[in-house]
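Protein chains in written order, with numbering that gives the first Met the number 0: chain A, 0 to 348; chain B, 0 to 228.
Be careful, since some hints might not be right.
To be verified - Computed, partial: chain A to chain B, Cβ under 7 angstroms:
(1) Ala44
(2) Ala48
(3) Gln73
(4) Val77
(5) Phe81
(6) Ala85
(7) Phe87
(8) Cys98
(9) Ile100
(10) Arg101
(11) Gly103
(12) Ser113
(13) Gln149
(14) Phe299
Said to hold, decoys possible - Taking CB as the label site, the calculated pair distances span:
(15) Asn83(A) / Phe131(B): 17 to 23 angstroms
(16) Gly166(B) / Asn83(A): 53 to 59 angstroms
(17) Gly33(A) / Phe25(B): 58 to 64 angstroms
(18) Glu110(B) / Val60(A): 50 to 56 angstroms
(19) Asp58(A) / Arg32(B): 20 to 26 angstroms
(20) Ser111(B) / Ala264(A): 55 to 61 angstroms
(21) Ser126(B) / Trp168(A): 35 to 41 angstroms
(22) Ser200(B) / Asn83(A): 56 to 62 angstroms
(23) Ser111(B) / Arg331(A): 28 to 34 angstroms
(24) Met196(B) / Ala106(A): 54 to 60 angstroms
Worth flagging that the hints you see were computed from the coordinates, not collected in a lab.
Where a beta carbon is used, it is the ideal one built from N, C-alpha and C, also for glycine.
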Amino acid sequence: MSLLVEIEKQLGNFHLDVRFQAETETLALLGASGCGKSMTLKCIAGIMAPDRGRIVLNDRVLFDSEAGIDLPPQQRRVGYLFQNYALFPTMTVEKNILCGIRSGSKAEKAAALSATLHRFRLEGLEKRYPAQLSGGQQQRVALARILCSQPEVILLDEPFSALDSYLKWDLELKLSDFLENFSGPILWVSHDRGEVFRNCKRVCVLDQGASQGTFTLRQLFHEPETEAAARLSGCKNIVEAVPAGSAVTLPAWGLTLSCGKPVPADICQAGIRARHVMTVSEGTPNAFYCTVERVIQDVFTTIVLLRPEGAADGAPLLRMELERDDWRRLNRPEGLWIAVQPRDILLLK
Amino acid sequence: MDLFPLWNSLRVAAISTVIVFFAGIFAAYYIARLPRLVKGVLDVVLTLPLVLPPTVIGYLLLRLLGPKRILGAWLLRHFGVKVVMTWWSAIFATAVVIFPLMYRTARGAFESFDETLAYSGQTLGLSNAYIFWHIRMPCCRQGILAGTVLAFARALGEYGATSMIAGYTPGKTATISTTVYQLWQTSNDALAMKWVMVNLSISAVVLLTVNMLERRDFLVSGGKRRGTA
């Protein structure tokens, strides 16, 4: 079971160029908003036509610009969970689900319906209208309706964006339970790296319409290759870098930091995660002095914005994140000696 | 009191409303999908009858359908029908006058329809016809019903174009509005007043219906007003 996507589309100034292949797995499409994630899903579902390329689902060609193939959405067998769930507002829960059941006699449909209602714990809600359901219930109805239509691939478009954050956690667990029996590729579109980390094994990174390759979670979080991947994995400090043997020079901060290994020549940026910025004593390798510019209390941590001593005018501040207690122990310093371990410097192309 | 004008008014209004119901919805649905320029031009042309004086519409229709004009002459020659000065000539006039009411309200309703509902129907395998009649129309029913009722009400009140193309022949082409004018002309004040009352009550009932249709909407969506659900 696999889904191959290689498409290009021009829409005004926006150029979409996405390539990836998903096997029977949950593959994340991770990108900032407006990077073309939903557009990609629409092309796969057949709601939008790409200009060029191919979409192949389990040896079935859904779209091929050269062969002139463009199957209508009805024939693609693509289950699409829309951001707002797209339940039909004038139909009851029951009728909404029946819309997903494609074939069968009346009795077969009724049996399939009651099995689905049971499986998604929707009993008692059959006669309600979507507007009378909670967000979580709406999501279950939408998912039930999709799975009834026996799709070969499932597209989840920001499945929790319509919900309050305190509901998300519970629903995330339930969603993966419901999807457990599905034997096909699942594309999980998200801008939330935590959501991706918990639910997916591999990630395709999208940046301004262009896919930047597919990575395992380990690769994305420990050795992201591009700036977009580093940012999406939550890296807060990214500056221009010049390779210098087994070190990099960061002109913005007037620093040269050792990386512990030869730095490839095509590296042009370096990333440092806020949690990897350490307070050290003077003389430690890779240590440099910073003045404290701002301190921000977050929910569980303290965020400190630092200006390296040799920083150029207008250079971005270095962001450090540490436990509240650790910060309290430092006793409001005006400046700090800071170091970054060589292995914590992310080298980006 | 001869009730023919009431009957004639109702049948002309009903038939033209049925025609305009389908034509207006069809136009609203397809024109929304056309390229911007074509859409703009068609929009102006189709809305024009709303702002033109009915006499101008009547004049234009006579230019087109009169027995010596292009279409009228052709119809007379090939089918032997004279399309003006019969009771059903009024249908042409009325349909043209009320078309913009239906077209514009249907378009407004279609424009506020959430297209993702249609997309999700397609991905579930529902045919486009099913989506149109079972999802799009029910979601837009409020606007479409309001448009239909308004069009019907306006059709009942049509005077200008009708009087030009169908004239006033008692017992043949007379409608309520042309009758009122004729009675006024002949100083039959009492009877004119009766017809005015008939017209007033029909229009009041129709507008009351529009209001009730609007209130029914939130019953269907489960007693919750839209937007707060």
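Comparing the hints with the structure gives:
Residue-level restraint check for Ala44(A) holds (minimum Cβ-Cβ distance to chain B is 5 angstroms; threshold 7 angstroms). A distance limit of 7 angstroms between C-beta atoms decides the matter here; for Ala48(A) the minimum to chain B is near 13 angstroms, and the interface restraint is violated. Below 7 angstroms, beta-carbon pairs count as interface contacts, and Gln73(A) has one with chain B at about 5 angstroms; its hint therefore holds. Below 7 angstroms, beta-carbon pairs count as interface contacts, and Val77(A) has one with chain B at about 6 angstroms; its hint therefore holds.
Given hint, Phe81(A) at the interface with chain B, holds; its Cβ is 5 angstroms from that chain's nearest Cβ, closer than 7 angstroms. Interface hint status for Ala85(A): upheld, as the beta-carbon distance to the closest one in chain B is roughly 4 angstroms, under 7 angstroms. The criterion of a C-beta within 7 angstroms of any C-beta in chain B is met by Phe87(A), whose closest approach is roughly 5 angstroms, and the hint holds. A distance limit of 7 angstroms between C-beta atoms decides the matter here; for Cys98(A) the minimum to chain B is near 6 angstroms, and the interface restraint holds.
Taking 7 angstroms as the C-beta cut-off, the interface hint given for Ile100(A) is violated, the closest approach to chain B being about 9 angstroms. The restraint placing Arg101(A) at the interface with chain B holds, with a minimum CB-CB distance near 5 angstroms, inside the 7 angstroms limit. The criterion of a C-beta within 7 angstroms of any C-beta in chain B is not met by Gly103(A), whose closest approach is roughly 13 angstroms, and the hint is violated. Checking Ser113(A) against chain B: minimum C-beta separation of about 19 angstroms lies over 7 angstroms; hint violated.
Look at Gln149(A): its Cβ only gets to about 9 angstroms from chain B, farther than 7 angstroms, so that hint breaks. Taken as an interface hint, Phe299(A) does not check out: its beta carbon lies about 35 angstroms from the nearest beta carbon of chain B, beyond 7 angstroms. Separated by about 21 angstroms at the C-beta atoms, Asn83(A) and Phe131(B) satisfy the suggested range of 17 to 23 angstroms. The supplied range of 53 to 59 angstroms is met by Gly166(B) and Asn83(A), whose beta-carbon atoms lie about 56 angstroms from each other.
Our hint of 58 to 64 angstroms for Gly33(A) and Phe25(B) is violated, since their Cβ atoms are close to 36 angstroms apart. Between Glu110(B) and Val60(A) the C-beta distance comes to about 35 angstroms, which lies outside the given range of 50 to 56 angstroms. Asp58(A) and Arg32(B) have their C-beta atoms about 34 angstroms apart, which leaves the hinted 20 to 26 angstroms range violated. The beta-carbon spacing between Ser111(B) and Ala264(A), approximately 57 angstroms, falls within the hinted interval of 55 to 61 angstroms.
Remark: the range hint 35 to 41 angstroms for Ser126(B) to Trp168(A) is upheld by a beta-carbon distance near 39 angstroms. Remark: the range hint 56 to 62 angstroms for Ser200(B) to Asn83(A) is contradicted by a beta-carbon distance near 45 angstroms. Range check, Ser111(B) to Arg331(A): Cβ separation about 56 angstroms, and the 28 to 34 angstroms hint is violated. As the Cβ distance of Met196(B) to Ala106(A) is approximately 58 angstroms, the hint placing it in 54 to 60 angstroms holds.
Checked against the numbered hints given earlier, this structure breaks hints 2, 9, 11, 12, 13, 14, 17, 18, 19, 22 and 23; the rest are met.
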